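There are 2 protein chains.
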Amino acid sequence: MFESAELGHEIDKERYDREEPELRAALLKAQYELVDCKKFPVVILIGGVDGAGKGETLNQINEWMDPRHIQTNALRPMAEDDGRPPMWKFWRVLPPNGKTGVFVGSWYSVPFIRRVYGETKSARFQAEIDQILRFEQMLTDEGALVLKFWLHLSKKGQKKQFEKLSRKKATRWRVTDTDWKHLDMYDKFQEVAQHMLRETSTADAPWLVVEGTDERYRSLTVGQTILDALRRRLDEPKIPHRNRKAGTTPSIDGVSIIDRLDLDRVVDKEVYKAELDEQQGRLNTLTRHKKFEKLSVVTAFEGSDAAGKGGSIRRITQALDARRYTVIPVAAPNDEEKARPYLWRFWRQLPERGRISIFDRTWYGRVLVERVEGYCSEVDWMRAYSEINDFEEQLAKNNTVVVKFWLQISNEEQLKRFEERKATPHKRHKITDEDWRNRDKWDAYRSAVCDMIDRTSTEHAPWTLVPANDKYYARLEVLRTLADAIEAAL
Amino acid sequence: MFESAELGHEIDKERYDREEPELRAALLKAQYELVDCKKFPVVILIGGVDGAGKGETLNQINEWMDPRHIQTNALRPMAEDDGRPPMWKFWRVLPPNGKTGVFVGSWYSVPFIRRVYGETKSARFQAEIDQILRFEQMLTDEGALVLKFWLHLSKKGQKKQFEKLSRKKATRWRVTDTDWKHLDMYDKFQEVAQHMLRETSTADAPWLVVEGTDERYRSLTVGQTILDALRRRLDEPKIPHRNRKAGTTPSIDGVSIIDRLDLDRVVDKEVYKAELDEQQGRLNTLTRHKKFEKLSVVTAFEGSDAAGKGGSIRRITQALDARRYTVIPVAAPNDEEKARPYLWRFWRQLPERGRISIFDRTWYGRVLVERVEGYCSEVDWMRAYSEINDFEEQLAKNNTVVVKFWLQISNEEQLKRFEERKATPHKRHKITDEDWRNRDKWDAYRSAVCDMIDRTSTEHAPWTLVPANDKYYARLEVLRTLADAIEAAL
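Chain order of the listed sequences is A and B.
Mind the numbering: the first sequence is residues 1 to 490 in our numbering, read in order.
Mind the numbering: the second sequence is residues 1 to 490 in our numbering, read in order.
Hints may contain errors.
If several chains are the same, the list does not tell them apart, and a pair holds so long as it fits within one copy or across any two.
[As the list claims (entries may be wrong)] In silico lysine to aspartate or glutamate, DMTMM-like type, Cα no more than 25 angstroms apart, as pairs: (1) K168 <-> D454; (2) K99 <-> E128; (3) K89 <-> E393; (4) K169 <-> E392; (5) K38 <-> E337; (6) K294 <-> D81; (7) K99 <-> E352; (8) K188 <-> E378.
Hints are computed from structural coordinates only; laboratory data are not their basis.
Remember, it's a predicted structure, so these values are computed and weren't measured experimentally.
I would like the entire structure built from these sequences, with the hints used as guidance.
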């Protein structure tokens with residue numbers, strides 16, 4: 001894998017001076033085109049051997065292009081994240097459409113170094129690699145241009161580089177004891193790097209290994225690669241939504257999980273009052289448990305219109321100290337959110353340790369309203385299932401309890417509630433023309449819901465289907481399920 | 001001050017049960033009106049004596065109103081801010097128009113407790129109070145509805161409350177050793193609180209002291225106060241921009257600081273090259289100084305169109321490691337930014353310790369383009385001078401070096417550069433119709449610039465006026481000034 005990067009590539013000064021100005025002008029032009037058209041974001045990773053010029057390459061990119069439209073992310077790999085999953089800090093700084101994010105120290109850093117030091121076993125490392133593959137696949141599927149450079153030096157080359165830097169007073173500080181120690185571990189580093197690069201070099205996000213010895217060669221190679229990739233994407237004709245037939249087939253016998261629900265389960269008012277008190281008390285006690293400070297909870301509410309999501313949420317919040325929870329109403333995305341992958345706005349709302357985020361509508365909008373209304377293409381919502389599963393798995397693995405509710409009412413019950421809302425002055429704002437239009441799409445929504453439940457009810461994050469024709473029954477079911485899930489996690 | 005809050009206010013259950021449902025419905029209705037019209041944000045502070053029901057009040061608000069549109073902020077007062085000024089964490093969570101932010105633990109907490117413990121002297125405490133007054137004035141001037149509740153208990157009342165809580169197993173955990181210690185310090189707490197409340201109870205953001213003994217009285221009082229204030233603001237007819245004549249008078253002899261600048265200072269190309277190398281090297285060395293890790297730097301660029309801001313910024317970034325700086329191009333605000341005070345988007349971009357933020361155009365837009373184009377009213381830009389001074393003072397006091405450049409070119413030089421840009425294909429995108437239109441407003445901009453410099457060149461954050469007809473001269477002046485400022489701070 002590193003063979004071509006140990007050939008002693010060199011570019012003489014004359015050629016460099018001839019080519020560099022042209023490259024620079026072309027890069028700048030391409031960058032401004034991107035800034036104007038905002039068609040996609042660019043994500044550039046710079047990894048590789050210490051001393052091979054990672055910092056210099058980063059600076060070169062910032063010098064050639066306009067740094068006002070580049071975000072440099074030199075993340076301390078162990079930076080504080082207050083209980084969010086490891087990928088959270090990278091999600092936070094994803095560049096919006098039109099901008100470029102350069103990462104020195106990326107999602108590869110921690111898995112790589114841990115594996116080199118033998119802190120993770122092969123199976124764990126493999127799982128981390130799979131995770132990275134899914135993340136990058138999501139990025140490119142969402143339209144990002146992902147460019148990954150690995151700067152390489154032979155063992156001799158690295159030693160020479162360290163010696164050179166150590167000779168001059170001005171650069172001596174750059175070679176640390178750790179660097180010398182890593183030089184002794186060179187072979188181990190290379191072995192892990194080879195494996196990692198091979199496994200994560202995909203068609204959409206390939207690695208380019210660049211020999212780091214000669215600065216001019218390295219710079220021109222990186223610069224030219226960025227330029228070519230940018231130009232290719234900028235000049236690409238606008239392709240209509242790829243609509244390969246990748247959809248789902250409705251149940252052929254017409255029997256669906258939703259239809260099988262017994263929607264009419266009821267609870268008597270007196271029973272409800274007593275049980276409500278008990279379950280709320282239980283929930284409150286659980287969230288004051290010492291160990292709760294090490295957990296976080298994500299509660300997701302979806303359901304038919306007028307199924308009573310708001311009422312159920314209130315029965316939860318009533319039970320909790322307001323310092324513990326945040327309720328997040330999910331409506332149309334704003335400017336900042338629209339310019340990034342659709343999961344971005346949910347990542348930014350993840351709870352800290354010891355806290356509960358309650359989402360009123362969720363990331364499932366992608367496979368519900370966006371699917372049914374045709375706001376995204378079929379391939380987009382088809383891939384969303386696994387992206388969402390992956391998102392929730394990351395949460396679950398990170399001590400976050402994920403509890404998801406689908407509240408279902410019957411068509412007749414919905415009609416009744418709509419009519420009631422229309423008739424009650426202070427509830428009228430809760431019903432819009434769109435709600436009425438959605439009723440015509442009842443069947444399409446049912447298919448979408450069934451697919452969603454089949455494809456995203458996982459052991460980490462199962463769906464709870466709640467028959468909700470009776471509000472009392474639904475609320476108790478929600479409270480009990482949430483309390484059970486937290487209890488199990490403590 | 002606390003006299004009325006020790007009268008033993010009580011509301012009997014019957015009255016409460018009669019009034020509560022109506023209050024609740026009215027509150028919810030007002031909240032939804034606010035959510036829909038997005039006219040202003042609501043900021044509610046809940047402070048007071050421990051045991052007087054701060055948490056309960058917070059929960060009550062969240063129960064009466066729709067918690068989906070309330071952000072609860074229970075900030076750990078000493079939360080990590082990586083080198084930003086103390087107010088940064090509050091700016092971050094300011095609610096947007098239409099939403100409500102409730103603070104338990106606010107900008108009062110740290111100054112208050114430090115003063116009680118004698119960690120700050122009276123003068124320092126007074127300065128902190130002034131700071132708070134300016135902050136709240138800014139909030140209300142920007143349109144926020146600010147409501148401040150102080151829950152009070154007499155010494156006896158507090159003791160009784162602690163004893164009551166300690167008796168039951170379910171509530172015992174709520175009374176800590178610190179609480180008992182604070183009870184012993186009751187008089188000191190009251191003395192400081194009285195002073196603080198008196199000084200910060202203003203016409204636009206008054207404190208309401210509420211007796212905390214009786215839960216029903218406390219709840220109804222807080223709820224009714226919120227409702228009245230909300231209704232008053234919601235029902236207010238839309239007032240046209242108050243335009244009291246508060247503007248500035250142009251210099252009566254026509255002599256301005258801008259006209260006095262010698263714009264034609266030049267530097268020879270050879271001298272430039274040598275000096276550029278030297279100053280860039282110097283800047284680089286300074287940012288690698290051990291002590292630099294304790295500083296941060298905010299560099300602000302303003303100037304005539306085509307004065308060479310971009311070129312000067314590049315000469316700075318060339319000298320720096322890309323991991324050290326962020327360049328922030330300031331254009332029109334996005335949705336999230338428009339819904340908050342105009343300084344919000346700059347607060348959110350403040351550098352961490354050891355880093356440099358370079359703003360290409362800045363918060364001075366308020367007193368430049370917004371003033372000249374009439375995007376905000378005269379009172380709004382008049383008050384901006386002191387708001388900005390206050391912002392920069394907070395930065396300076398917090399180990400942030402603030403360096404501000406105004407790059408000035410002559411009218412003729414600007415015309416020349418515009419023509420050049422028009423003629424050069426890859427520079428054409430840098431010039432718009434608006435740039436041409438702005439030339440007609442040359443005099444209005446000059447007045448605005450002179451006022452800005454007179455009113456915001458402070459010892460903490462002085463302006464550097466840079467004659468920029470000669471690009472070489474301007475760039476060196478910028479580099480030298482920045483390096484001097486950092487050197488002085490180290």
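Taking each numbered hint in turn, which are not upheld by the structure, reported in ascending numerical order?
1, 2, 4, 8
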